[in-house]
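Novice: Sequence:
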Amino acid sequence: MPLSEHEQRLFEQIERSLAEDPKFASAVRASDPRFHARRRLLVAAGVIIAGLALLVYGAVIKTPPLAVAGFVVMLASAAFAVQSHRRAQSPDLHVVGGTASRRRSRGRSGGRRPGLIDRLEDRWRQRPEGHR
Numbered sequence: 001m002p003l004s005e006h007e008q009r010l011f012e013q014i015e016r017s018l019a020e021d022p023k024f025a026s027a028v029r030a031s032d033p034r035f036h037a038r039r040r041l042l043v044a045a046g047v048i049i050a051g052l053a054l055l056v057y058g059a060v061i062k063t064p065p066l067a068v069a070g071f072v073v074m075l076a077s078a079a080f081a082v083q084s085h086r087r088a089q090s091p092d093l094h095v096v097g098g099t100a101s102r103r104r105s106r107g108r109s110g111g112r113r114p115g116l117i118d119r120l121e122d123r124w125r126q127r128p129e130g131h132r
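Heads up: the sequence shown runs through residues 1 to 132, numbered per full-length UniProt numbering.
Please note that the accuracy of each hint is not assured.
Cβ pair distances, simulated, as ranges [said to hold, decoys possible]: (1) R127 with P33: 37 to 43 Å; (2) F24 with T63: 30 to 36 Å; (3) L75 with R123: 21 to 27 Å; (4) E5 with R127: 46 to 52 Å; (5) H36 with V60: 33 to 39 Å; (6) R127 with R9: 57 to 63 Å; (7) A88 with D21: 56 to 62 Å; (8) D122 with V72: 51 to 57 Å; (9) Q126 with L3: 54 to 60 Å; (10) R86 with E7: 42 to 48 Å; (11) V68 with E7: 56 to 62 Å; (12) R125 with H36: 34 to 40 Å.
Since the hints were derived computationally from the structure, they do not count as laboratory data. Predicted model only: the values in this text are computed from it and were never measured. Every residue gets a Cβ at the ideal spot worked out from N, C-alpha and C, and that includes glycine.
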């Protein structure tokens, strides 16, 4: 439901006053989901490098279980990085410079192409009234 003009002005005024508070702004930035996702990506990159080192070390000393363990560590860390990246790209409320902004999404699918269920629901809503 869209906000009325009065509510929108009040919301913008509250947003500006909160953005001017440096203590609040630093607390909000620390809880920014993109900050945590970026940190998880960096950790995942470090673990991928460690897994690669383990894989190479296991191959050099001719210990296949150690090399396989390094590969598994790399694979798991890459999956974690992809999941973190997807979570960072979600269209939820994000903090930008101390103010909140909501990304526009197309439909219920969050900006992605509509899935089968979304298309069927749209067709159901757009059907002629006489066909029930």
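Novice: All hints, please: hold or fail.
Specialist: Here's how the hints hold up against the structure:
1. R127 with P33: 37 to 43 Å: Given range 37 to 43 Å: holds, Cβ gap about 39 Å.
2. F24 with T63: 30 to 36 Å: Violated - the Cβ-Cβ distance for F24 and T63, about 54 Å, lies outside 30 to 36 Å.
3. L75 with R123: 21 to 27 Å: 40 Å, violated
4. E5 with R127: 46 to 52 Å: At roughly 35 Å between Cβ atoms, R127 and E5 fall outside 46 to 52 Å, so the hint is violated.
5. H36 with V60: 33 to 39 Å: Between H36 and V60, where Cβ atoms are some 36 Å apart, the hint holds.
6. R127 with R9: 57 to 63 Å: The hinted range 57 to 63 Å is violated for R127 and R9, with Cβ atoms some 40 Å apart.
7. A88 with D21: 56 to 62 Å: Distance hint for A88, D21 is violated at roughly 26 Å.
8. D122 with V72: 51 to 57 Å: 43 Å, violated
9. Q126 with L3: 54 to 60 Å: Taking Cβ atoms as reference, Q126 and L3 lie about 27 Å apart, which means the hint is violated.
10. R86 with E7: 42 to 48 Å: The hinted range 42 to 48 Å is violated for R86 and E7, with Cβ atoms some 33 Å apart.
11. V68 with E7: 56 to 62 Å: Since V68 and E7 have Cβ atoms about 59 Å apart, the given range 56 to 62 Å holds.
12. R125 with H36: 34 to 40 Å: 37 Å, holds
Violated hints, listed in ascending order, are 2, 3, 4, 6, 7, 8, 9 and 10; each of the other numbered hints is respected by the structure.
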